[in-house]
Structure formats: C-alpha cells, structure tokens
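**Q** Below are the chains, spelled out letter by letter.
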Amino acid sequence: MRVTIPAAGLLEKVSHQCEEAELYEVRGVSMPVRFAAGTLESVKSVESVGRALRVIKNGRLGFSTTTDLTDDITLVENALQSAQLGGLAGFSLPGRRQSPAVLCFDAEVEQLTESELITMGEKAAARLASYDPQLHVEISLSTEVEEVRLLNTHGLEVREQRTSLSVGIDAARVREGDIRIVSDSDVSRRRKDVSPMAMVERLIERLGWSEKTTTVQSKTMPVVFYPRGAIVLLLPLMAGLSGRNVSMGSSPLRDKLGQEVFASQFTLLDDGRLDYAARSATYDDEGTPTSRKALIEDGVVRQFMYNLKTAGQVGAQPTGNGFKSGFFGGGFSDQPGIAPCTWCVRAGERSLSAILGRLPEALLVEQVIGLGQGNVTAGEFSNNVSLGFLARRGEIVGRVKNTMIAGNVYYLLRERLIALSDRAEWAYGVIRAPAIALDGVSVASSA
Amino acid sequence: MRDRLLQTLSHCGADYADIRVEREWRNAVLYRKDNLENLESSSEVGGIVRCLVSGGWGVAVFNSLEELERRVEDACRIAKTVGAKISQRAELAAVKPVQDEVRAALLKDPRCVPLQDKQRLLQTYNERMLGFSDQIVTTQARYADSFREITFASSQDAYIVEERPDVTLLLSATARNGDTNIQEAFESEGWAAGFEAVEGQEELAQRAAQRAVELLQARPVSGGVYTVILDPLLTGVFIHEAFGHLCEADFISKNPRLQEILTPGRRFGVPELNVIDDGYLPGLRGNSKYDDEGTPRKKVYLIRKGVLHGFLHSRETAARLGATPSGNARAVSYQFQPIVRMRNTYVDQGSATFEQMLKGVERGIYACNAFGGQTEMEQFTFSAAYAYEIVNGKLGGMLRDVVLTGNVFETLQSIDLIGSDLQIKGGAGGCGKAGQSPLPVSMGGPHVRIRNLTVGGRVE
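So the protein lines, in turn, are chains A and B. The first sequence begins at 6 in the numbering used here and counts up by one. The second sequence begins at 493 in the numbering used here and counts up by one.
Hints listed in this document are in silico derivations from the structure and should not be mistaken for laboratory results. Beta carbons: idealized from backbone N, C-alpha and C, even for Gly. Please note that a few of the clues may not be correct.
[Unchecked claim] Stretches of chain A that chain B covers, calculated by requiring three or more beta carbons in the stretch to come under 8 Å of a beta carbon on chain B:
hint : stretch
1    : 36-48
2    : 51-61
3    : 332-343
[What the hints assert, rightly or not] Taking lysine-lysine and the DSS-like style, the derived pairs with C-alpha atoms no more than 25 Å apart in a straight line are:
hint : chain 1 : residue 1 : chain 2 : residue 2
4    : B       : LYS525    : A       : LYS62
5    : A       : LYS128    : B       : LYS577
6    : B       : LYS917    : B       : LYS600
Go ahead and model the full structure; you've got the sequences and the hints to work with.
**A** Below, the structure is given as structure tokens:
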C-alpha cells in the first residue's frame, strides 16, 4: 500500500532546500448529473485530489503539480528544477493574516443525494416538456464539496471547506430554417440560491418572446445588455483592469488610475466577500485575504486587480485576486493568475421598462456567441446575438436572427451610456448587473 | 495491471463496464513580455470507470489507483440507480475487442529533453518578437508538451495501452500605437509529435510580430454583406466549428427534428464539396489509433460530392442510429467520459486557383486565420485574425476586426469555389465541448470562396 505524504511534512522537507515554499492542496468530491433529450442520461461521482508546489530559490520561482500524493519526491524535484531556471519571483509569500471568514460552506449542498439531484432535473425537464414537448432539453446539475489547504513556510495555514451547487439548462427548438437555443446557468455555494424551476420559468418567458421573429436594419442603435448580456461589456474590462495587462503596458487603463474615463453613473465592484457567492473565499489561492473594492467608482478608475507577482512587479499591494481559476476555467494545476471575484455593477434609478419605454427602438441582448473573439485588449467586442429581442417603446416585437453587434467598451461606457436599470440581477452566478443601455452600438444584420 | 483491470471489470455485475487509467507527464514554458511566467514539469495520474446497467450510465473518477476496485463498485451502484430511472436506454454498437499496445515513435521524446532546452528555445522566439519593433508592447510565447499513456480495458475483454504525445507552440505579439490602437497577432501550431516539431520555428515569431505591427495600419472593416475568400486556416475553423460539430451524432441521435434537417443524401453544397474527418494523418493532433472506447479510427466523409454522407459516432450513438462506430468517442482526460468529438477535420481540395477566386469580386474580403469561433447549432461566428479588402478583383489594404457570421446551411450552399491548395494543421489550443477542453484536433482545407456572407463590424 502506498501512503500519502502529509502536506505539512512535505512543506517541512522542501523548506530546507529553498528560501520560501507554498503548498496548495485540494480534495474534492463532486456529483454531476446529466439529462439529455429531457431524460436522465448519466450520473458521475468524482473524487479528486491535487497538489501544487511553488518554491522560491535564489529569488527564482519554481512550480510543479501532481495528483499522486504518494510521490512527494518527483513533485519536489520538479519544483526545484523549475526554480533553477525560472523567472525572478519579485515577491515574497505572505505570512499568517487574519481575515474574517466568508461563508463558503452549506451543509444542505453537501447533503444533497444523487436521487435528489435527479428529482430536481426531472422536475425542470417535465416543466419544459409541458410547455413544449418538441423542445430538446439538456440539463446538468452538480454538487461539489472541496477542502482547500494552503500552507507556506511563513506560517500561513489556510483550510477552507467550500460547497457549490451548479445547474445548467439548454432548451433547443429545432425547426427547418430556424434552430434556436435558449440557455441559462447558475452556481452558488448555497443550495437555496439556485432554483432550477425559477431558471425554467425565465427560459419559458424567453421562448415565448421568441415565437415571433423580426428583423433590424444594419445601423447604430441603442442596445440594452440584460443581465447575462452584460458579460459582453465586462469581459474587455476584465482584461483592462487586470494588473498583468497594466504591468505589461497593454491595458488602455494602465495610466488612468484616479481619472474619470467612464460615465459617472458607472460603478463596478469586485467583491470576494459575498457570503456563499461562487467566487467568494476568505483568502485567495495565495493566502491574501479577499476584499470588496470599487474598481471603477462613479466613472473613475480606482483600483486594478493584482496577485502577488504582478503586485510585486509594479510595487502595488496584492488585492486578493490571485486565483487558480477564473470565470472560464482553470484549476489546482495552474499557477495563481489574476481573476475577478463576483463583479457587481451598481444599479441605476429607472426601471428597465421605463428605460425601454423611452426608446423608440432598442435591441435587448441576452445571449451572444463568440465571447472573447476580436480585440478584447483594446476594448472591442463583436458578437453574434444568439438570443436578442427587438423592443419598440418597451414592447417586445420579436426575436432577431443573423444579427451581429459590435463596438468599443471604453468608448461606449464613457460617451454613450443611456442608463442602468434599478435592479441588479445575477448572471451565471458570477456577475450581478442591472440592464445596461448603450446608444451607438453597431448592429449588422443580414436580413 | 492488466489482470487487475480485466478481473475487476468482469466481476462488477454491470451489463458493460470499461476503465481508463491515464498517466501524464507534461511541461510548460510561458514568457509574457520579458517575464518567464511559468516553467513547469508536472505529472498526473488518474482513472475513470464507466458502468452500464439497464441502459443507464454510472461513472466514477479517481486519482488514487489504490481505490480502483471501490470506484468500480461505486460506478456500478450509480449505474443501477440511473438504469432504474431511465427512459431512453443506452445501448452500444458492437466493436471487435482489441488487444494492442501502441507506442509513440518520437524523434525527441519531450520527457527526455531537458527543461532548459525548452526554456531557451522559447526565450529565443520571445526575444525575436520583442526585438522586432519598438511598437511591440507585449508578447506571449507559450510552449506545452504532454505525453500521455492511456490504458483502456473493458468487460468485453478489450485491453489497449496507447501513448499519445502532443506538443504545442503559441507565439503572440501585441503592438500599440498611441493610446487606443492596440493590435494583437499570433501564430499557433500543434502536433502529435516530439520536441523536434517546435524547433526551428523562428519564422513564426517573425510573422507574428510583423503582423501585429502591420495591423496598426489596418482599417476596421465596415459591417455588411460581402463575398469572402477564406484562407486554408479559416476554412478549417469554419468547417470544424460550423459544420463538424453538427455532425457529431450525440446531439442528432437524440433529436428527431434535427435528423429531418440532417438527412443523409441531402445536398449541402456544390458537387466539388467534400468534408472529411480523418484519424489517420501522421503527426496531426487528432490522431490516435483508438478512441477512448477502444474503437479503431476511421476516415469519415461528412459531405461527399456536395451531399450529406455520414456522421461521427461513439458506440452509443451508432447503436441509436443503426450506424457503425467511427472511432470518434474521445475524452480530454481521465476526468471525463468520452463523447463524440472530431479528429482532423477538413474540406478536401477542389480545383480553383486563388486568381480565379478573386476574379469578378467587386467588393469582397480575403479573411485569414481565426482568433476564435463559436457555434450554436446552425448559427456560427468567428473572427479572422487579419484580412484584406478585395476591390474589383484585386487584393487591397489590410483590414481588422473582421467577424464572420451566418447560418451554416446557407453558407455551405454559398461556397462557389474550392481551391486546390489543401493545408491541415493543429493550433496550440484545441476544441471545447461540454466542459471538455482543450481536446487536441486539427483542421484545414484549401482556400474557399463564399458569396453573401455577413461580416460584423462598425456600421458607417
């Protein structure tokens, strides 16, 4: 029988061979349940472990990971070899720092059984089938319970148990010459925050709006990003506010700290301390306490996001954004990069219907494809609207097809912000944003 | 190992069961600007069991091989729960159980090449880009190799050990002129090969840096409808993203309405149009002798002579549609069950020359390579990495921000010319589907010309 080498023992051993070392360990249990074509397809049980070792030797950074906890020799050798050639660290690992606990664990998620998850999925599938038996429905549900440990040679010792419940639903309606997919996903660390039935009702409302299709003329016009559509605008800002792009000089915001470069109604918070939010934690993956801070306040750039390394490069303070996974994936085997926690856009004063009511014509964008394509660094977006509705004076006229939107976030959020709606809503479990109405967005249609 | 796996599976009580155990050795080098951001050797071990009971799948993933027997029991127990509740029972089409051992033949096994050699090579490429011009503000030089040994065993007595090498190189340069004109260009390559494949690629670094600088002078495209010529790389991305994914039979096989649209025999394009997915092309990333269900690879025509011909299958989708498994059940790692995926997908060559394609185009776009692409059923979108305008049959100035979009069925019908200059290659990324990313694939084609394609962008 091969034995697992304890984390503390491994760290103690490596501490004699370098100046600083950090061991990140994760043990997880997850249970993904999948429905295809409206019926149960598979249930999976995942038990995973992983370790990542970072060392600083002669000022140079080394890194290695493994899933074989019985083999500490290879892990240590690999990390030390990497440090021999590695880049200069330019930072020091943090010591133990107090940080009030952020709630990340919900026993109700841990206790969810596979049968309960299956029942949740069956109910959602049945409701969609009763709305339209022709819909092709795919549902995935998963619980995850993980324990993260982070130890370093400066006495840092973090141990946090985290849960999450995630649900994704796709409903496709396939007709000759018109295939459409309406989808939604949500994730939270707490069971009661995720309601598959509420997601289904929203999908059904969108399907209803989609019954009629309509066309728009190619032109610049008001576009309302709502609420999941907000990711189109926030994605370029994630690049622009990332300390890495700031330190490398590729962010258009790199020298704009303290300057008003967005419309004064626009405030964007990065919040790592929201209890039970999917991207919340007490510490980031390097042991820096997470924080809640305005990145953009009343249109003024207030703060960039840094991990230890980039903070060291520009002489800034780490902001608790050193995470191994971002909005689009990652995991223990990645080095800590810079990633947002929950991004919150401050709500405005008028209701969405009041905003739409004043616009003779507006395109409501809920879902796009092609996120991240194009010149994101420069703030450009260019997306196919996969779910969007034309509204005239607040009335939904119908769904648009074969339509692209394009523009520059830095320009539009400075010069063309019409309004933010009065209610911020969750999108994908990682963003809380009101509807964002912008004028002057390019809309190209082949219709 | 062999006896342990086969014995455990044969006693587990499932109607069918298989197991994959994977060992991976990987190395990575990443330069950003003048920083060596990552230099890493890592290893991974893990496994996955699939059990089928009464048509329901139970799956268990694990890292500790000590737990193997217990995890087989877990998968079996879960499969029973699923089997009792399921309404559409999964069945598996027959495949002859294979016993085989497939070793990779590499000139330079990346496990034996010192990490320092990899770091130095990447440093050279990175410096080449950084030194190209003062306008280059940042770069990314990324190298990754992975060597996987996959052991597959099934309750039907298949036992395969296969080595799968993969090596990738991404060189990207960002140029800036003034505050807001920031342009990025990249070259991206990937092979099922050893370290030798990434050596001697200085030219790629040069091209990436040069193009980033050139893009500073490029005009943003005006949105509208154009005749578009795709270069071989973009043809590949188009056919993979927009059409290949539709031909993955997992979605079709459970969707009768889609089957009405995708009916074999139906005409999808000009007679010269052939679309192929092929697992046999030596050195390409989509290669492997067997898929992750132990089915040997095939060459599959998706479109033959303009007519829909076949789909890509796993054993399960083949059983449902009465077809033959095509060796396309692939998993990105031991953490996932195999699903229907492409391998090396391309438009076969036709007969047109580039000059013939330009001829008669009053106002068009020559679009090259792709920054990315995405599809949602019939809707697709992808962004060209760079492009040129075509005015009265002649290539003109460089364009940027060219994003192509449309309906795949209409677009295939609108391909009127197919070039004779077939190129297939793997990029540094890979394909993503159902949370499994990046799966090594290659794609390609010749130049093709498409009439009436919508191009997103600023509207004047």
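**Q** Decide, hint by hint, whether the structure agrees.
**A** Status of the hints after comparison with the structure:
Residues of the stretch 36-48 of chain A with a Cβ under 8 Å from some Cβ of chain B number 7, which satisfies the need for three, so the listed coverage holds. For the stretch 51-61 of chain A, the stated coverage by chain B holds: 5 residues have a C-beta nearer than 8 Å to a C-beta of that chain, and at least 3 were required. Requiring three or more residues with a Cβ within less than 8 Å of a Cβ of chain B, the coverage given for the stretch 332-343 of chain A holds, as 3 such residues are present. Among the hinted pairs, B:LYS525 with A:LYS62 is consistent with the structure: their alpha-carbon atoms are about 22 Å apart, no more than 25 Å.
With a C-alpha separation of about 13 Å, the suggested pairing of A:LYS128 with B:LYS577 holds against the 25 Å cut-off. Of the supplied pair hints, the one linking B:LYS917 and B:LYS600 holds, its CA atoms being roughly 20 Å apart against a limit of 25 Å.
In this structure, every one of the numbered hints holds.
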